[in-house]
Amino acid sequence: MTIQEKQDEIIEEFSIYEDWMDKYSYLIELGKELKPLNPSQHSKENLIEGCVSRVWLDAEMKEGKIFFSADSDAIITKGIIALLIKVVSGHTPAEIKDADLYFIDKIGLRENLSPTRANGLLAMIKRIRLYALAYDAKSKQRG
Amino acid sequence: MTIQEKQDEIIEEFSIYEDWMDKYSYLIELGKELKPLNPSQHSKENLIEGCVSRVWLDAEMKEGKIFFSADSDAIITKGIIALLIKVVSGHTPAEIKDADLYFIDKIGLRENLSPTRANGLLAMIKRIRLYALAYDAKSKQRG
Amino acid sequence: MFDVQKVREDFPILQQEIYGKPFVYFDNGATTQKPRVVLDTITRLYEIENSNIHRGVHHLSTVTTENYEEARKIIARYFHVENEKEIVYTHGTTDSINLVAFSFGEKFIHEGDEIILTEMEHHANIVPWQMLCERKKAHIKVWKMDDTGCLKLDDLVNLITEKTKLIGVTQVSNVLGTVNPVKEITQIAHKHEVPILIDGAQGAQHVPTDLSGIDCDFYAFSGHKIYGPTGIGVLYAKTKWLEEMPPYQGGGDMILSVTFDHTEYLEAPFKFEAGTTNYIGAIGLGAAIQYLRNIGLKEVFEYEDQLLAYATEKVKEIPGLRIYGEAPRKVSILSFLIDGINAYDTGLILDKLGVAVRTGHHCAQPVADHFGIAGTVRASFSFYNTFEEVDHFVAGLHRVVEMFQ
Amino acid sequence: MFDVQKVREDFPILQQEIYGKPFVYFDNGATTQKPRVVLDTITRLYEIENSNIHRGVHHLSTVTTENYEEARKIIARYFHVENEKEIVYTHGTTDSINLVAFSFGEKFIHEGDEIILTEMEHHANIVPWQMLCERKKAHIKVWKMDDTGCLKLDDLVNLITEKTKLIGVTQVSNVLGTVNPVKEITQIAHKHEVPILIDGAQGAQHVPTDLSGIDCDFYAFSGHKIYGPTGIGVLYAKTKWLEEMPPYQGGGDMILSVTFDHTEYLEAPFKFEAGTTNYIGAIGLGAAIQYLRNIGLKEVFEYEDQLLAYATEKVKEIPGLRIYGEAPRKVSILSFLIDGINAYDTGLILDKLGVAVRTGHHCAQPVADHFGIAGTVRASFSFYNTFEEVDHFVAGLHRVVEMFQ
Ligand SMILES: Cc1ncc(COP(=O)(O)O)c(C=O)c1O
Ligand SMILES: Cc1ncc(COP(=O)(O)O)c(C=O)c1O
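So the sequence lines, in the order shown, correspond to chains S, X, A and Y.
The numbering of the first sequence is this note's numbering, which starts it at 38 and goes up by one.
The numbering of the second sequence is this note's numbering, which starts it at 38 and goes up by one.
The numbering of the third sequence is this note's numbering, which starts it at 72 and goes up by one.
The numbering of the fourth sequence is this note's numbering, which starts it at 72 and goes up by one.
Calculated directly from the structure, the hints in this document are not laboratory data.
Hints may contain errors.
Stated by the list, open to error - Keeping only pairs whose Cα atoms sit at most 27 Å apart, straight-line, the calculated DSS-like set for lysine-lysine is:
| no. | chain 1 | residue 1 | chain 2 | residue 2 |
| --- | --- | --- | --- | --- |
| 1 | X | Lys60 | Y | Lys423 |
| 2 | Y | Lys92 | Y | Lys77 |
| 3 | S | Lys99 | S | Lys60 |
| 4 | S | Lys143 | S | Lys69 |
| 5 | S | Lys60 | A | Lys92 |
| 6 | Y | Lys207 | A | Lys178 |
| 7 | A | Lys234 | Y | Lys207 |
| 8 | A | Lys223 | A | Lys236 |
| 9 | Y | Lys309 | A | Lys208 |
| 10 | S | Lys72 | S | Lys99 |
| 11 | S | Lys60 | S | Lys102 |
| 12 | A | Lys207 | Y | Lys178 |
| 13 | X | Lys163 | A | Lys236 |
| 14 | S | Lys143 | A | Lys423 |
| 15 | Y | Lys311 | S | Lys163 |
| 16 | Y | Lys178 | Y | Lys208 |
| 17 | A | Lys423 | S | Lys123 |
| 18 | A | Lys208 | Y | Lys178 |
| 19 | Y | Lys309 | Y | Lys254 |
| 20 | Y | Lys234 | Y | Lys223 |
| 21 | S | Lys163 | Y | Lys144 |
| 22 | Y | Lys156 | X | Lys143 |
| 23 | Y | Lys178 | Y | Lys311 |
| 24 | Y | Lys262 | Y | Lys236 |
| 25 | A | Lys207 | Y | Lys236 |
| 26 | A | Lys207 | Y | Lys234 |
| 27 | X | Lys163 | A | Lys309 |
| 28 | Y | Lys144 | Y | Lys309 |
| 29 | X | Lys143 | A | Lys144 |
| 30 | X | Lys123 | X | Lys102 |
| 31 | X | Lys60 | Y | Lys178 |
| 32 | Y | Lys254 | Y | Lys311 |
| 33 | A | Lys144 | A | Lys212 |
| 34 | A | Lys423 | S | Lys60 |
| 35 | Y | Lys207 | A | Lys207 |
| 36 | A | Lys144 | A | Lys234 |
| 37 | A | Lys156 | X | Lys134 |
| 38 | Y | Lys156 | S | Lys134 |
| 39 | S | Lys134 | S | Lys163 |
The whole structure should be built from the sequences, with the hints applied where relevant.
See the structure below:
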């Protein structure tokens, strides 16, 4: 699936929740299910310091594609992270770096990305793009 | 005349002016007529620095009574000064120090005494009282 | 009798729904809402009277200046300050403390000197001193608290040395709610001839504050936390300090004369009010404080105490909930964590239920560090809150527990 | 076409009488009046949205923060600044300049260094530098003006030395109305690798200001002079300076982490926005600037030029009147004295005729000293003033002449 298709699928999924509470319950589920990082990945380099919740992000390049793993000390944040990772993981740097991540807005979680929330999510998206840019540049260099 | 009587006279005098302009014209007259200070009285000690107009005040003790003379670089201020001097000059320190100078308010010039005007008038009244206090203390010491 | 329903009518913002739920505002520690009289005052000023203060020859300038100075008197009276020239307008608590850190610091703090601060200070009463200490090579000594969130007076006595130049204490902890015995602390400070600064940001609006009785040297608070506008605050300082301290900012309206060679300053408070001040904010603050007096300080404060007692009782029902801050004397601030549930998650869910609380370290990181936590959920109540709102909030917490288990 | 009558309807304060005379507000240099949209914005914020910004988990906190950051973008756009992180909220021009004097000064000004200021600076751009120079044993050099109120670029070149660390120039003189060629001045400064601060307090609202074109290092202005609320202002600074300069005030919301041993700061602009900022003021300022754009900058500025030209022509009728400030490029500021008549007296009489002007040295004493006078009468016009008001004012001056002769 393309990044766009994955996003549309999530939007479809979320469309059944009319109530905030249901939506958040689902996010909590996703958060709980997110594969935990191994201890070495909880490193200072991977930490994105938010003011109210903290996020860790790690990336790995396999066969031209980037695979992300992440964690947070807040479960709902973790749920959103799970969605984000699902959307971008397994794509090429070029695909990721230019991707328009519209689904967060569409499923009504925009405010969670407010710079004002300082929950680390916005910084995480920035860092995802930075990884993509860096890997992209690297692969071009090689090529 | 007592300080009170003098004030009441001025209030009476001003009661005929209904128009601001007439009142101010009269103040301008008074200002122009005010006896000029001699050059030595325009001293730094006598200067009361206001922000928008400057006032000089000198005092002299004669036979137990204080006589003030004053000047300003703004004529309307000078007119008000003329009234003030007329009211307090020639009285004993004890009379002056406790005098309630209500006439300024009554003739509608209160705003000229606003601390905000920084025209030196309020500071001048303070200094008049200080002179009275000082002379009063001195005379008590002697007596 | 204190009639909360009547009082609530004065606060337009409270009459709304958030996500279709009645709005419950429990973030009063961050900022308070404004009674209509404050909004009306601001509007009236801008619609009829607005003019820059001081030195104007024209009518509106005089009117505005008089309102501005009248507000200063209202503020002085509220805090039992006799000489309103000891009330300096600033832009908030942070600005007030920075003013003291700079102006007092420049003149009186030297290499090797010590400043004592409590462990429960807000960053506003830590960082300015750190910056000063770095410039002057001075040191901060920390007056620790115990696990209930209380300071021991004996500990202070042990910290004071000949090098102590200032003691900084918050009147009320913004995280724990502790009301510190500022009068006794001031007595100890003065016995050792050390001046004291009290951070009143969370005290001014919740406890009766008699500055002449307390006898402190400096007191700082924010207008926006005491039902006034943003961008205005106050520094109270004793005349002797205001006279001796150099000005903080330079500019118009604080000078007597300026040449490029030499500048003479006005007397206090003007010496510390450089440039065009937030005069509309100041007059609005006066209106806020007048409003508070009109509804009755005693009634307001007692009611807030009742709210806190009720809420404290109720949240104890929540399984796994721990309260941070258990001092015998507290204001209506309730910090807590629920076992295994992140503060941010708790806050997010409460928000969706219409309840506004704050989460995190509340700009007092050393407090969180003391307890080895990242932060807390903080519900802070004001006199316009109700017992029903507390019930709603507690029901929300039950919901949170359900969702995360 | 610019329709002044329509515009005036947006300004409630203009529709009143003072002493039974139509109110003529010609004290715009001191502060400007506010369009209804600014008042409505402030009221709406307090009635519906007020909540402390940054870090809030709850809905209103997010809404207010977004409005606050949106206003920053509006301001950046108005001044052609691409990166809105270069817009730092302060409390006014005075605060902005003091920030630079402290933070830039602490790091970059050392003993023996020189700062160049023009003779026509407002005290806000003199006193902070004097205070800095006293601390650092640095010096101020004065760039003189001529008797028309103009600066010569050659003179600047002659003043710059290796020790010059900063040049401070006002965009527009608040007494003389002179519009300085700030772009050319900046080019000279940069040719000598000297940073430049521009005081935009009287420029921002009267001349198109393209900061990226001017390329200055710092630019300061006040909200209340550009139709916004009191207590809010802006410092524009290039990122490189914001990064290198230490913070000015310490407190909450400007830090990443605080322990008593070590504090880490956030990045700019937050590093310079300590404590609770005047967020309502900031959003109000955004509304004011948006309003100005909506009625059309070009139209506004041209109309103001016409007002000035008309007034200048008309006051020349007054016998014995001398205008101070005869630069070829001026904004709508008209300073003058009438022979033998004190400025304060003139102002008092005009006030009684309903005309508000300012008198005195206008916080720029060196300008008065240049001309050997104590001060001037200053009429300063805004786009909501009319030609009829100018007539009324000139008639008042005739009346003044009569009364004092
Ligand atoms: C040129 C100039 N600079 C600075 C200022 C100071 O502005 P504020 O008082 O708003 O800080 C003024 C305002 O009078 C001014 O005209
Ligand atoms: C105890 C305490 N001190 C200082 C402050 C800072 O106040 P402001 O942000 O209004 O300057 C606060 C506000 O959060 C506080 O709670």
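Restraint status (C-alpha distance of lysine 99 of chain S to lysine 60 of chain S at most 27 Å): Measuring from Cα to Cα gives roughly 33 Å; hence the hint is violated.
Agreement of lysine 60 of chain S and lysine 102 of chain S with the hint, judged by alpha carbon distance not exceeding 27 Å: 31 Å, violated
Pair hint outcome, lysine 123 of chain X versus lysine 102 of chain X [Cα-Cα no greater than 27 Å]: Measuring from Cα to Cα gives roughly 13 Å; hence the hint holds.
Satisfaction of hint between lysine 234 of chain A and lysine 144 of chain A, Cα-Cα up to 27 Å: 36 Å, violated
Pair hint outcome, lysine 254 of chain Y versus lysine 311 of chain Y [Cα-Cα no greater than 27 Å]: 20 Å, holds
Straight-line alpha-carbon gap lysine 60 of chain S to lysine 92 of chain A, limit 27 Å: 17 Å, holds
Holds or violated: lysine 178 of chain Y to lysine 311 of chain Y, with C-alpha atoms at most 27 Å apart: Holds, at roughly 13 Å.
Distance restraint between lysine 60 of chain X and lysine 423 of chain Y, which requires alpha-carbon spacing of 27 Å or less: 11 Å, holds
Lysine 207 of chain A paired with lysine 234 of chain Y [C-alpha distance capped at 27 Å]: Holds - the C-alpha atoms of lysine 234 of chain Y and lysine 207 of chain A are around 26 Å apart, at most 27 Å.
Satisfaction of hint between lysine 77 of chain Y and lysine 92 of chain Y, Cα-Cα up to 27 Å: Given that 27 Å is the threshold and the Cα spacing comes to 21 Å, the pair holds.
Given hint lysine 236 of chain A paired with lysine 163 of chain X - CA-CA distance at most 27 Å: Violated - the C-alpha atoms of lysine 236 of chain A and lysine 163 of chain X are around 37 Å apart, more than 27 Å.
Satisfaction of hint between lysine 163 of chain S and lysine 134 of chain S, Cα-Cα up to 27 Å: Roughly 10 Å between the alpha carbons, so the hint for lysine 134 of chain S and lysine 163 of chain S holds.
In summary, the numbered hints that this structure violates are 3, 9, 11, 13, 22, 31, 33, 36.
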